[in-house]
Amino acid sequence: MAAPREKAGSKKSQSKQKPAKKGSSKRQAPRDVPAVPTPKEIERSIDRGKTLLLSEFVKRVKL
Amino acid sequence: MDDKRRLVETALELVEKLYVHLPLKRSMYAVNPLQRLRLLLRHLSAGDQPPMSDRDFYNELLGIFAQLRDLHTAFVLPEPLRSTTAYLPFRVEACVARGRRIYVVSQVMDEGRRDGGFERGATVTHWNGVPIDRAVALNADRESGSNAAARHAQGLAAMTIRWLGQSLPPDEEWVDVRYVPLSPPQSPPRDTRFQWRVFQQQRGKHAHAVARAQGRGQWSLGMDARGEVERQVRRFLFRGQSSHGPASSVFGRAEDVPSRMPDVFPSCRDVVTTFGTFGYLRVATFNVATDREFVNEFVRLVSLLSPRGLIVDVRGNTGGLIHAGERLLQLLTPRPIEPVRFHFLNSVRTLQLTATHPFIGQWKASIGQAVETGTEFSQGFPLLPIAAYNDIGQKYQGPVVLVTDALCYSTTDIFAAGFQDHRIGTILGTDANTGAGGANVWEYALIADLLHDPAQFPPLPGDASFRFAVRRVTRVGENAGVPLEDLGVRPDKRHNLTRKDVLERNVDLINRAAAILRKRPWQRLQVHRASASTFEVECAHIDWVDAYLDDHPLASRRVKTPTFVLTVPRSTRALHAKTLRLEGFRKRQLVAATRVALG
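Here the protein sequences come in this chain order: S and F. Using this note's numbering, the first residue of the first sequence is number 1, and each one after it goes up by one. Using this note's numbering, the first residue of the second sequence is number 64, and each one after it goes up by one.
Bound conformation, chain F alone (with noise of 0.2 angstroms):
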C-alpha cells in the first residue's frame, strides 16, 4: 500500500507544479486529474476501504493520464510490463475505397498466415463481432490522441500490438477477425481467430530503455514514448516480412540508396512518376543518439537524388531528438530559421529548478515575476542558440513536399510546423492534422536527479516510472504564439490512402505528391572554388545573385549566363572572413542559397 501511495503522492506534486499542459488539458478537455488524484489518494489511505488489487490501482492511475490525451505524460507500468509488448501476429492500416474507409491487411507474420486467404490485402470487416470502424472507435476512446485524428490513428494502432508500459495487458486473450480475402475476386467473407502473444524484452538494465538520445540530449527529448517502443518491437518482429507489395505498373523506379542509419531512413530513393522524376526520402524515426551524425547522413542522401524535387516522408515518425528535427529545417530553405519556443508552467518547482540548474537558467527570471504577472507560462526561449539552427545552410534547393499523417508527434510536430511556418513547401496529409504533441518532455529519472530532493522523489517501486512534458511549445512566424499541443499543424493538402498505396508502396501518394512538384519551380545554386580569389558559380533559374563574405555584402549581379566567376578581392575583410554565401533571386524572390568554407 505504501508503494501506491507514494506513486500518487507523487504524481500529484508533479502533475501540479512542473505539468505544463495542466491549464491547456483542463480547460480543452474539463478533466481534473488533480481532483482524481486526491481521491485516489484517500482510497488509499482509508482504512474502512477493502484494498485496492494492483489491477484496479493500475487501471485508475492510467485512466487519470489518459485523459490528458497527452502521449508525453504518462505514468511508466512497472517491471515486468515496461519490457512487454502485446502483439497480434499482423498489422491493418486504414485506406479509403468508392469513399467509403476500409481496413485493409498490411503486414503478416508466418505464424499469422491462414489457409483461408488472411494474407496481404485482406479486407478486415469485423473484430470480435463489432463492425472494425466501430471497433477502431472504441480502441480510441481508451487511447491518449488528442484530436479526432490523432485518437483514430492511435486507436488503430492499438489494434494489433500495445506496449505494456503505458497499457495493461488486453483483457481477451483471442480475438476473432472476419475478413474478405484479397482474392478470389468477390470472395465470402471468413473468419478466423489469433490469439495475442507478447514480445518480452531481454530483462537487464536496458530492458525498458526507449530513447536513444546521449548525454544532454535527454533534456532536449520530444517523443511518444509508446509508439516508439513499438516501432522498434514491430520492426523486429515483422524483419523479413515485406510490406513493399509488388513494383507498380503506374511508375518505375530506381534502387534505394543504402542509408548509413536503415533505422532512421528506411527507404531513400528516386520515383519515376508521369509527372517526373522526383527524391523521395522516408525519415522513420529522430529518436537518434546524436543530431550531427543525423543531420549528416540527410544532407548526404539529398544530395544523391532528383535535384527537380523532394518528398519528405515522415508518417508514423513519433519524434525523438528535438535538435535533430529542427535542424533539419535550414536545409530545405534559403531563408533562416528561427526556432520553436519553449516555456515552463510558473511553479514554485519550476522555479527552484531553474534558479539551480544554469542550462535551464534563462527562464528563471520570467518565471520569477509570474507572481507580479499573473501569467501561467515563463517566457519562451529556443532549446540552442539561434545559430545553431542555421549554422549549415541551404543543401537540397529544390522544391519540397513534406508528408504526415496522425501518428506524427512531439519532434516531428516541430518539424513540420517549423517546415509551414517558414513556408518551405507544402504539407501534403494523409490525415486531417498531425499527432499534436507540443513539448519537451522528461522521464522520472532525470526529473528526481534535478530536483536533489531523493527523500520526496526516491526511486520508484518495480522501476515504474513517469514521464512529463515539461516545456511547452509555441510556434514563429505567422503562427507565433500558437501552442502546438493539441492544435497539432494541419496540413495544406489532403490525400486519402488508397488500397494501392497500402500494398504497392504509397504509389498513389506519391503520385500526388509529384502532381504538387511538378507545378513548382525548382533552382540550382553552386560555387566551387576555382583558385585562392576566384570562385565557379553555377546557376539554373536564377536571375540574380547577391555574394557576402561572412554577413558583410561582396558584390550583385545579374545571372547572364549559367556559370560564371566571381573574384574575392584580396582585403583585409576577405582574409578573415570564414564563408561565401550566395543567395539567389529569381524575380526578386529568394530562392536559393549556398556557403563555401574559406580558408
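Bound-form chain S, shown alone (with noise of 0.2 angstroms):
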C-alpha cells in the first residue's frame, strides 16, 4: 500500500494530526513529530547572544 504523504503547504500538513483508529483502511498521519522552536524563538535567541573573547570562554569550559 502506498504511505500517506502529506499535502504540501496545506493548512492541515502543519496542524496537529490525530491518530487513526486502529484497523482504519484510510491513510494513516504519522505520530506527532516532536515540538520545534517556532523561527521567532530562534531568532530571539540569536538577538540575546552575547560575545566574548575566545580565550576567556576556552577557560570557562575547561576543554
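If you are wondering where the hints come from, they were derived from the structure by calculation, not from laboratory data.
Distance windows between CB atoms, simulated:
(1) F/Q519 x S/V61: 23 to 31 angstroms
(2) S/T51 x F/S366: 40 to 48 angstroms
(3) S/T51 x F/R205: 19 to 27 angstroms
(4) F/D516 x S/T51: 34 to 42 angstroms
(5) F/H591 x S/T51: 51 to 59 angstroms
(6) F/R253 x S/T51: 22 to 30 angstroms
(7) S/T51 x F/G437: 48 to 56 angstroms
Within a straight-line C-alpha distance of at most 20 angstroms, the following computed EDC-like cross-link-like pairs (lysine to aspartate or glutamate) qualify:
(8) S/K59 x F/D234
(9) S/K62 x F/E236
(10) F/K641 x F/D613
(11) F/K556 x F/D571
(12) S/K59 x F/E142
(13) S/K40 x F/E356
(14) F/K582 x F/D571
(15) S/K50 x F/E236
(16) S/K40 x F/D326
(17) S/K62 x F/E142
(18) F/K556 x F/D484
(19) S/K40 x F/E360
(20) S/K62 x F/D66
(21) S/K59 x F/D119
(22) S/K59 x F/E236
(23) S/K62 x F/D526
(24) F/K563 x F/E156
(25) S/K59 x F/D117
(26) S/K62 x F/D117
(27) S/K50 x F/E174
These numbers come from a predicted model, not from an experiment. Using N, Cα and C, we set each Cβ at its ideal position, and we do this for glycine too.
Combine both chains into one complex, guided by the hints.
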C-alpha cells in the first residue's frame, strides 16, 4: 500500500494530526513529531546572544 | 567514561545501519568509519589505557565524521559548544584578478577596523605567516567539503567563522594577518593581529535550534546545519555593515523590492545592464517554516520583476526544507516537474523504521526484498505525491539563469539538479561544482523518537547529538539514477568572481548572466476571465496555443493577434472543470504555460 504523505503546504499538514483509528483503511497520519522552536524563538536566542574573547570562553568550558 | 562509550556505541549502530552514504563513502574516499569507531570504543573500554581527555575524545569523534566528507552527517558537540560560534571581526572572499586567485576583505565589523587601512577591499596575502592560498587549503583539509571546489569554499568560510557545534574551538587565540590596503595604490603590505572571539546564543531550550521547519517538515530537511548556523550568526554580527559597496558605474539598477521574508530573499530588484533590463532575485536559504509561505512569496516577487529574463542567485544557500526548493521548479517552466527520488540504505534498522511508520511505509517492500535482490539501497520515491510538485504551474515565463557556487548544499543542490534536469535555463557557476549534498537528513532526537527504543537510544549526554543522511537522492531526466552526493551539479557556464563582484554588488557576474539572457528568447502567455464563458488571452512571441479544461483538450489555434478571446462551451465537462490551462508554442516547441481557476 502506498505510504500516506502530506499535501505540500496544506494548512492541514501543519496542524496536529489525530492518530488514525485501528484497522482503518484510510491513510494513517504519522505520530506527532517533537515540538521545535518557532523561527521567532530561534531569532530571539540569537538576538539576545553575547560575545566574549575565545581565550575566556576556553577557560570557562575547561576543554 | 560511560557517556563517551554511549556516544560511540550510538554512532556505531547508526553509521552501520542507518547512514545511507556509507557504501559510497567507503568507495569514494577509502575510509572505514566503523573500524575507527570500534577502535575508539576499545580504547575507552580497555582498563590498561590512560583516560582520554574530553578534547581528545571530541577530536577523534569529529575526525571520524569529517573523513566522510558529508556536511549532513556529523557529531554535534554538547553544550555550551553547540550554541557558540567562534569568529573574527571580518570576512574574506576569493576572486580572480589577472588570472590569479586573490582573497579580498568583503566585510569588517567596527571592532575589526584598523588605522593601517584594514577595511573593505584590502587584499589578504598571509595568515599566521602562511601564504593565504596554502592556509585556506590546510583549513579545507579539516572541513567536510566533498569535491575540490566545495572543500576550498568550506575551508575559506572556516577561516573567519566556525560553529563550535561541529568543530572544536580554534587552537590559536589570535591570528596575524598580512594584507595590502586598497588605497593608496601600490601600498606596501602591512601586518595586524585579530583576537578570535565567540558569540554565544542565549542559553535555553532554543539555544541550539537551527532548522525552522515545523511539524512534519522536520522529516524533510536537506541542509548543512553548520553553514546555516554560521549564516544566521554572521547576519546578526554584521548587521548594519554593508557588503554592497558603492553603486556600480557599469549599470544602473532600480530599488530593491521589499520582501516579506527579508532573511530568505535579501535582494530582489530589476538590474539595468548594457544587455537589457532583467530581474534579479537572491534566495539566501531554504530554511523556512513552511513551503507554502515561501513559494507564495517567490511568486509575488517574480511577478514584480522584468519579464525579459530572471537571474536567480542561490550562492551560499546551504539548504533547508526540501519541499520548498523542489516546489519552486514548477514556477519557472511550462513542463511538468518530476521530483528527485529518495532511497534508504537496506538494513534491519531501515526495515524496522519503514515497517513501523506509515509515512515512510512506501519504502518497506524493496528494503524487505534486499535479502533476495542483494541491493544496497531501497527503491526510490519522491517525498510528496508528484501532483504536489505541479500544483501551481509556471509563473515566470521569461528565460532564467541560475547562479550557483560551491557552498550550495543539499536542498539547493536538489533545486539546481532539477533546474538542469528539466532544462529550465542556464546554470552559471562561480565555482566548478556545487557543494554536492544529496540526502534527506535527520537529527538524532527524531531518529530516537522513531526507533522507540529508549534503552538503546536515550537522550545523549550534555545535549550532544548526531545528524545522519538517511535517504539519498538520485536525479531524474537525462541524469536519472545518478546520485547527487559528492557529484553535485556542474554549471553549464563558469564565471570567475572579480574584485568588482566582491566589492560592487556582483556587477560583473550580473552582466555575465545578462549576456546569457539576452540571447534567450522571451515569451508571454496570460489569460483573464472576460465573462462567464469567455477568456481573454494575451500572447507575445507565441505562434500556437493549446487549451485544456483540466486535462481534457478544449481548443488548439494559431495565434494571429497579440490578444484573442477563447470561448468555453457550456457543456457538462466545462461546468465541472476546475482549471483552464493554456500551453503556448513557438516553432512547435512548448515555451510557456498558464492556468486559471474556474468556478
